[in-house]
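Novice: Respectively, the protein sequence lines represent chains H and C.
Going by this note's numbering, the first sequence wraps up at 280, each residue one higher than the last.
Going by this note's numbering, the second sequence wraps up at 318, each residue one higher than the last.
If you are wondering where the hints come from, they were derived from the structure by calculation, not from laboratory data.
All residues carry an ideal CB built from backbone N, CA and C; glycine is no exception.
Take these hints with a grain of salt, some might be off.
To be verified - Which bits of chain H does chain C cover? Going by a derived footprint, with three or more residues having C-beta under 8 Å, they are: (1) 69-80; (2) 105-112; (3) 130-138; (4) 168-182; (5) 191-205; (6) 218-226; (7) 271-278.
Stated by the list, open to error - Partial list, computed: chain C residues near chain H (C-beta under 10 Å): (8) A109; (9) K189; (10) E196; (11) G219; (12) L220; (13) H242; (14) L257.
What the hints assert, rightly or not - With a Cα cut of at most 25 Å, we get these calculated DMTMM-like pairs of lysine to aspartate or glutamate: (15) C:K185 / H:E71; (16) H:K278 / C:D311; (17) C:K185 / H:D179; (18) H:K253 / H:E20; (19) H:K34 / H:D46; (20) C:K17 / H:D179; (21) C:K312 / H:D32; (22) C:K317 / H:D46; (23) H:K278 / C:D295; (24) C:K277 / H:D42; (25) H:K253 / C:D311; (26) C:K317 / H:D272; (27) C:K185 / H:E188; (28) C:K211 / H:E262; (29) C:K185 / H:D157; (30) H:K253 / C:E128; (31) C:K185 / H:D272; (32) C:K189 / H:D181.
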Amino acid sequence: MDDGARSQPNAADTDCEWSEMKIVALVKYVPDAKGDRGFLDDGTVDREGADGLLSELDEYAIEQSLQIKDEVDDAEVIALTVGPDDAADAIKRSLQMGADGGVHVNDESVHGSDAVATSAILAAAVRKIGADLVVCGMSSTDGGMGVVPAMVAERLDWPALTFGSEVGVNGQAVTIRRDSDVTSQTVEAELPAVVSVTDQSGEARYPSMKGILAAKKKPVDEWTLADLDLAGVPVGLDAALTTVTQTTERPPKQAGQIVTDEDGSGAQALADFLSAGKYL
Amino acid sequence: MTNVLVITDHIAGEVTKPTLEVLTIAAGFGDPIAVAFGAGAELTATRLAVYGATKNLTVTDEAVDSALVAPKVEAVAQLIEQTGAALVLAPATLELNEVAGRLAVRINAGLITNAVGVTGGEGSVSTEQSVFAGDWTVTASVGGQPAVVTVKPNSVAAQAAPADGTVEAAQVTISEGAKRARITKSEPKAASGRPELTEARIVVSGGNGTKGDFSAVEGLADVLGAAVGASRVAVDSGWYPHSYQVGQTGKTVSPQLYIAAGISGAIQHRAGMQTSKNIVVINSDEEAPIFAIADLGIVGDLHEVLPQATDKVKQIKG
Ligand SMILES: Cc1cc2nc3c(=O)[nH]c(=O)nc-3n(C[C@H](O)[C@H](O)[C@H](O)COP(=O)(O)OP(=O)(O)OC[C@H]3O[C@@H](n4cnc5c(N)ncnc54)[C@H](O)[C@@H]3O)c2cc1C
Ligand SMILES: Nc1ncnc2c1ncn2[C@@H]1O[C@H](COP(=O)(O)O)[C@@H](O)[C@H]1O
Numbered sequence: 001m002d003d004g005a006r007s008q009p010n011a012a013d014t015d016c017e018w019s020e021m022k023i024v025a026l027v028k029y030v031p032d033a034k035g036d037r038g039f040l041d042d043g044t045v046d047r048e049g050a051d052g053l054l055s056e057l058d059e060y061a062i063e064q065s066l067q068i069k070d071e072v073d074d075a076e077v078i079a080l081t082v083g084p085d086d087a088a089d090a091i092k093r094s095l096q097m098g099a100d101g102g103v104h105v106n107d108e109s110v111h112g113s114d115a116v117a118t119s120a121i122l123a124a125a126v127r128k129i130g131a132d133l134v135v136c137g138m139s140s141t142d143g144g145m146g147v148v149p150a151m152v153a154e155r156l157d158w159p160a161l162t163f164g165s166e167v168g169v170n171g172q173a174v175t176i177r178r179d180s181d182v183t184s185q186t187v188e189a190e191l192p193a194v195v196s197v198t199d200q201s202g203e204a205r206y207p208s209m210k211g212i213l214a215a216k217k218k219p220v221d222e223w224t225l226a227d228l229d230l231a232g233v234p235v236g237l238d239a240a241l242t243t244v245t246q247t248t249e250r251p252p253k254q255a256g257q258i259v260t261d262e263d264g265s266g267a268q269a270l271a272d273f274l275s276a277g278k279y280l
Numbered sequence: 001m002t003n004v005l006v007i008t009d010h011i012a013g014e015v016t017k018p019t020l021e022v023l024t025i026a027a028g029f030g031d032p033i034a035v036a037f038g039a040g041a042e043l044t045a046t047r048l049a050v051y052g053a054t055k056n057l058t059v060t061d062e063a064v065d066s067a068l069v070a071p072k073v074e075a076v077a078q079l080i081e082q083t084g085a086a087l088v089l090a091p092a093t094l095e096l097n098e099v100a101g102r103l104a105v106r107i108n109a110g111l112i113t114n115a116v117g118v119t120g121g122e123g124s125v126s127t128e129q130s131v132f133a134g135d136w137t138v139t140a141s142v143g144g145q146p147a148v149v150t151v152k153p154n155s156v157a158a159q160a161a162p163a164d165g166t167v168e169a170a171q172v173t174i175s176e177g178a179k180r181a182r183i184t185k186s187e188p189k190a191a192s193g194r195p196e197l198t199e200a201r202i203v204v205s206g207g208n209g210t211k212g213d214f215s216a217v218e219g220l221a222d223v224l225g226a227a228v229g230a231s232r233v234a235v236d237s238g239w240y241p242h243s244y245q246v247g248q249t250g251k252t253v254s255p256q257l258y259i260a261a262g263i264s265g266a267i268q269h270r271a272g273m274q275t276s277k278n279i280v281v282i283n284s285d286e287e288a289p290i291f292a293i294a295d296l297g298i299v300g301d302l303h304e305v306l307p308q309a310t311d312k313v314k315q316i317k318g
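Make a model of the complete structure from these sequences and hints.
Specialist: Structure representation (structure tokens):
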């Protein structure tokens with residue numbers, strides 16, 4: 001991957017040599033929800049103690065990026081992650097699914113960055129790559145807040161189309177469907193834009209054997225913060241405006257009463273429970 | 001006294017319960033000033049005043065209804081300047097979380113989303129969050145001036161505290177740039193007539209074990225005045241709409257009582273209900289992991305237990 005090409009901002013509309021559409025999918029490496037998740041003494045998430053993987057919700061971001069690539073004539077999908085050494089696995093999986101290349105921002109001083117700082121790093125990397133469209137997951141599976149996509153858009157000064165259950169690109173415009181409890185909305189913006197997609201957007205593909213082999217030859221750039229222009233935003237644990245003061249594991253729940261239903265004993269137990277708890 | 005900006009969540013003027021809870025939290029820090037956006041904003045004032053809003057600012061620029069998130073961020077940023085607010089609080093809805101996030105970037109504020117508790121006073125704000133599927137509680141102090149915090153439903157009990165609550169049209173300008181994510185179509189969804197999932201005192205949820213027949217779940221919910229929830233498998237199978245999904249990618253609920261029928265208890269489901277005060281489980285497989293978090297576990301067929309329990313409740317209620 002040629003760095004010169006990457007640093008062309010919005011290459012698509014400025015230079016025909018890089019006329020393709022650059023789609024950057026933001027993918028995060030997270031501790032596996034099925035394992036033991038916990039915290040380090042400094043209040044940050046323990047990313048070494050637990051097995052990690054590509055956040056399952058970011059698979060939907062890769063999937064939609066690949067589908068958009070298929071619709072658009074000439075497009076390329078780059079998976080971008082900010083995280084420690086192990087986060088390379090998130091890129092690997094993205095490449096196996098079909099992304100064309102990856103960028104891994106890996107720097108000691110990123111440790112402990114909050115969402116405000118992470119968004120600055122991601123935005124700086126997106127700028128350097130020269131993306132036309134950024135596709136994110138709806139939230140990180142490790143206590144994510146679903147706010148990073150909006151914050152990246154804020155930093156880039158791009159429109160944000162978030163929580164899309166459907167996404168489509170049409171010429172220079174991107175459209176999503178966004179469902180809330182009370183409405184189903186269609187939202188549209190011109191590129192460049194940031195999009196986030198929900199797990200309603202369509203099953204993410206599983207890497208094929210061919211995909212797994214092809215991934216080995218795909219280019220991955222490793223960047224440190226020195227490679228990025230953070231526009232003066234401080235990052236890392238010390239810069240965070242929020243400080244974790246305490247982390248407490250919930251005590252295991254007291255074993256409850258178990259009733260095996262026989263001749264209505266289950267319903268009776270439920271009715272008794274409802275009466276005793278004053279739920280009636 | 002300190003000014004606290006409270007961003008109102010409302011549907012066509014009807015204020016949501018979590019907004020009132022946030023007003024109650026705000027009153028502990030200073031004078032709550034409510035901000036309401038869009039169509040129906042003026043209608044929120046009476047209710048907000050009952051719960052302590054000293055002032056109601058309305059932002060009715062058409063952009064707040066025709067574009068996503070960004071116009072609201074611009075408006076709040078300007079209102080912080082005008083009011084000198086030391087704290088911005090909002091109910092943790094998807095959109096208001098985004099407003100909070102962008103705002104924090106814009107004004108370089110400390111940010112906490114999805115708090116389940118907010119404490120402190122002049123100059124100090126401390127929050128509690130429930131993370132990793134409710135397995136951990138994280139306490140944090142929020143710096144920055146102002147601090148921006150969004151709060152989950154049911155974190156406190158809303159308390160009436162009548163205040164003046166004069167209504168005022170806010171003086172804000174929305175830039176063209178903020179209008180770029182245009183809402184080009186908005187279709188209303190049909191209401192279920194049952195209590196709102198995140199606000200209900202009791203939730204009865206059904207999963208794969210219903211085999212697509214939710215009548216037993218709905219039957220019990222209706223005699224209890226409860227909301228109905230569903231697991232992702234039930235939603236993905238098309239048995240119930242997505243807006244009823246409980247869990248990581250659905251709603252987080254924290255009712256007094258959660259009844260899970262035919263749900264195995266995957267971590268992603270537990271993430272949305274584990275902090276419920278009481279949990280009752282009906283599952284035919286005694287090995288189902290969800291029994292581990294049950295106060296009452298019934299090993300049995302939901303299609304038998306639920307209708308029988310519904311009849312018993314009807315009898316008790318007479
Ligand atoms: C990134 C991600 C996000 C996710 N988000 C969510 C989410 O938000 N919400 C969510 O729910 N899931 C979510 N999931 C899916 C989750 O992992 C589980 O697949 C899902 O919760 C299982 O649903 P279930 O319990 O209904 O089905 P199953 O796991 O199939 O369990 C059905 C249960 O019903 C019992 N049963 C069967 N017949 C009967 C009967 N007649 N009477 C009583 N019991 C019976 C069975 O014993 C079984 O325990 C997510 C997964 C991922 C990867
Ligand atoms: N460290 C990161 N590296 C890459 N992408 C990220 C990172 N953190 C968040 N994201 C993206 O932002 C989305 C929302 O994250 P969050 O706001 O943390 O819930 C994720 O689904 C990712 O697409």
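Novice: Could you tell me which of the numbered hints above are not met by this structure, giving the numbers in increasing order?
Specialist: The structure breaks hints 1, 2, 3, 6, 11, 18, 21, 22, 24, 25, 31; every other hint is satisfied.
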